[in-house]
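Each protein sequence line maps, in turn, to chains A and B. First residue of the first sequence? That's 1 in the working numbering, and the numbers climb one at a time after it. First residue of the second sequence? That's 1 in the working numbering, and the numbers climb one at a time after it.
Incorrect hints may have been included.
Examples of chain B residues lying across from chain A (beta carbon under 8 angstroms, computed) [as the list claims (entries may be wrong)]:
(1) A57
(2) G75
(3) G140
(4) D164
(5) P238
(6) A273
What the hints contain is simulated information worked out from the structure, not anything from laboratory work. Ideal Cβ placement from N, Cα and C applies to all residues, glycine included.
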Amino acid sequence: MTILDRQSAGGASSPELAPLDLTGVDRGQAESWLASMSLIRQFETVAEPLVMAGKIPGGMHSAIGQEATAVGVISALAEGDIVTGTHRSHHVTLAKGLPPREVMAELYGKATGSLGGRGGHMHLADVGRGHFGSNGIVGAGLGLALGAALGSSVGHRGQVAVGFFGDGAANIGRVWEYVNLAVVWQLPLVVVCENNLYAVETPYAQVTGGGDIAARARGFGLPAEKVDGQDVAAMHRAAAAAVQRARAGGGPTFIESLTYRLGGHDVGDRETYRTREEVERWRAAQDPVLRLAAAAQLAGLLSADDVAAALAAAEKAVAEAVEYAEASPFPDPGTLLTGVTATDLRIRSNP
Amino acid sequence: MSPRVTLSQAYRQGLAEEMRADPSILVYGTDLFERGGHWGQVRGLGDEFGRDRVRNAPISEAAMVAAGVGAAMNGLRPVVDLNFIDFAFGAMDEIVNQAAKVRYMWGAPMPLVIRGTNGVAGGGAQHNNSIESWFAHTPGLLVAMPSTPADTKGLIKSALRGQDPVIFLMHKLLAGLRGEVGGEEDLVPFGRGVVRRPGRDVTIATYGVTVSRSVAAAEQLAAEGVEVEVLDLRTVAPLDLELVEDSVRRTRRLVVVTEAPRHGGIGAEIAAALAESLHGELDGPVLRVGAPHVPTPHSPTLLAAATPTAEDIARAVRLAVPARAA
Numbered sequence: 001m002t003i004l005d006r007q008s009a010g011g012a013s014s015p016e017l018a019p020l021d022l023t024g025v026d027r028g029q030a031e032s033w034l035a036s037m038s039l040i041r042q043f044e045t046v047a048e049p050l051v052m053a054g055k056i057p058g059g060m061h062s063a064i065g066q067e068a069t070a071v072g073v074i075s076a077l078a079e080g081d082i083v084t085g086t087h088r089s090h091h092v093t094l095a096k097g098l099p100p101r102e103v104m105a106e107l108y109g110k111a112t113g114s115l116g117g118r119g120g121h122m123h124l125a126d127v128g129r130g131h132f133g134s135n136g137i138v139g140a141g142l143g144l145a146l147g148a149a150l151g152s153s154v155g156h157r158g159q160v161a162v163g164f165f166g167d168g169a170a171n172i173g174r175v176w177e178y179v180n181l182a183v184v185w186q187l188p189l190v191v192v193c194e195n196n197l198y199a200v201e202t203p204y205a206q207v208t209g210g211g212d213i214a215a216r217a218r219g220f221g222l223p224a225e226k227v228d229g230q231d232v233a234a235m236h237r238a239a240a241a242a243v244q245r246a247r248a249g250g251g252p253t254f255i256e257s258l259t260y261r262l263g264g265h266d267v268g269d270r271e272t273y274r275t276r277e278e279v280e281r282w283r284a285a286q287d288p289v290l291r292l293a294a295a296a297q298l299a300g301l302l303s304a305d306d307v308a309a310a311l312a313a314a315e316k317a318v319a320e321a322v323e324y325a326e327a328s329p330f331p332d333p334g335t336l337l338t339g340v341t342a343t344d345l346r347i348r349s350n351p
Numbered sequence: 001m002s003p004r005v006t007l008s009q010a011y012r013q014g015l016a017e018e019m020r021a022d023p024s025i026l027v028y029g030t031d032l033f034e035r036g037g038h039w040g041q042v043r044g045l046g047d048e049f050g051r052d053r054v055r056n057a058p059i060s061e062a063a064m065v066a067a068g069v070g071a072a073m074n075g076l077r078p079v080v081d082l083n084f085i086d087f088a089f090g091a092m093d094e095i096v097n098q099a100a101k102v103r104y105m106w107g108a109p110m111p112l113v114i115r116g117t118n119g120v121a122g123g124g125a126q127h128n129n130s131i132e133s134w135f136a137h138t139p140g141l142l143v144a145m146p147s148t149p150a151d152t153k154g155l156i157k158s159a160l161r162g163q164d165p166v167i168f169l170m171h172k173l174l175a176g177l178r179g180e181v182g183g184e185e186d187l188v189p190f191g192r193g194v195v196r197r198p199g200r201d202v203t204i205a206t207y208g209v210t211v212s213r214s215v216a217a218a219e220q221l222a223a224e225g226v227e228v229e230v231l232d233l234r235t236v237a238p239l240d241l242e243l244v245e246d247s248v249r250r251t252r253r254l255v256v257v258t259e260a261p262r263h264g265g266i267g268a269e270i271a272a273a274l275a276e277s278l279h280g281e282l283d284g285p286v287l288r289v290g291a292p293h294v295p296t297p298h299s300p301t302l303l304a305a306a307t308p309t310a311e312d313i314a315r316a317v318r319l320a321v322p323a324r325a326a
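Bound conformation, chain A alone:
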């Protein structure tokens, strides 16, 4: 099912859909958000069955439902700013502007992928474009964003770095080491916790002492707020304020995005840990793409044709990405050992 199907099934006009405040948002902004969020939704929707079909090796973690967090935050950044993501980061990666065909080819493990097939879906990156890595290790991406912020600060580069992590990582000690150091050194870092309620299969409430991630952050002495992560405009406003503070030398900010993954943890997840009703409730009221589409039309920023055009453009881009990935060659096995280090380690091979 594509988002267009859902749209025609009445999603956008669903009376349950939560409203969204677009005050101060102009048409260009709304159009750009919708384009980016539709692209992510379509990318994930198309990629998932490709995993099941064996076209994309190594599984994947879809970000369906979490589009507004990535798009809202990253649209508040300037060219040259830096992001890092989690194992679930296609949304961050596409929002940061990596070409969908390079990302898809990377998922396929093709030579034309963003990383030539060296990374795969959990390690997407494009350092030149300011994407300092999705990270397969829970919480680790935030540390690299912390370092990018240190580089910006000491190198007087004027960049802001954003590190995303999940509610699962909020129970990893090193995450709070990173937050503490960012505070101590007053680094231009925006810390974004994507609280999607489940760490793989474990409900956040079951394993989070005190139950309040943003409150933990406040204990480290930085501004911390909870934001509706299904509301792209709210995420954008919160991020814009944090980015401004960071760029002005005001140090790090913590944003807890209250979000939800509408799909499973990974492709093939049977989702026995939550009810169908719960998922449907979120889908009906809190689908971030549909919320934006509906609100933008209600506010007169976009027409129904604009929305349809955005969705169609996303479908076209993703179809082209798949075509590109399919047609691309796999990397030459002879390149296996290239680029482990700049220094020749002179490691010997099998006889």
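Here the structure of chain A is known, so what remains is to put chain B in place on it, guided by the hints.
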């Protein structure tokens, strides 16, 4: 050559010279700015370079190394001073899963130095781990283990002009060792060992603190008519196997010496490599001297029994050259 300085001073000289030449280098760790580190390894650098480039950090190894990785990706050359390399356990993900893999996965240089004091001395089990083989076993990392002030200075300078993550290990017992050091452009390349003492009968391949113990053993053995060639490998990643092979082609006998436990270590790698490449040219088995498989104990008598000495090395060499020892 310069006046004789300690190994810690040699490190500081090398770091300071590079910091003067390259504003992207910064150093941070615990107790660095005022105290200058627990071995005085950066003493005075705070005053010279200021708090932006010589930073005190909380005792947060994971955060320090993570910050180093991200900063190295964003234009800096960070030197993370962990004081004791034992504390690297708290940053193992950042070292192994992040720093070591950035170049291969993401195609970006990773000019990050992680300095730690290593090796066995007093203080018990948790501050005396020999884990160079862990790092050397990880694709993507370089590991320096200098045994002299000159090599310390030359290797840190190479590390700070390179593009790779370097684990820079300075032995506790060598911190005060004095020697001459090179000038600003005297770099010691990674992966090039040196002959510390020439000899024709048997080769000892070693690095770090056991270099001087091996030389001491060689002096004893010379009195017995056995001429030992002692090789100081200086870095264990890259590992200069070619130097070992050149020597062993002449001596036809090899003893590998490490302070680290024998089991699964760098000595095992050297022995296996030589068994593959020079099997037919060896006059006997490659012998290894290393620590027994035991955490470092506290009591001096136990500690002595757990630490390879010049005597242990000499005994192995006598076994390697039975005809001459007889």
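Status of the hints after comparison with the structure:
no. : hint : in the structure
1   : A57  : 7 angstroms, holds
2   : G75  : 5 angstroms, holds
3   : G140 : 6 angstroms, holds
4   : D164 : 5 angstroms, holds
5   : P238 : 5 angstroms, holds
6   : A273 : 7 angstroms, holds
Going through the hint list in order, the structure satisfies each hint without exception.
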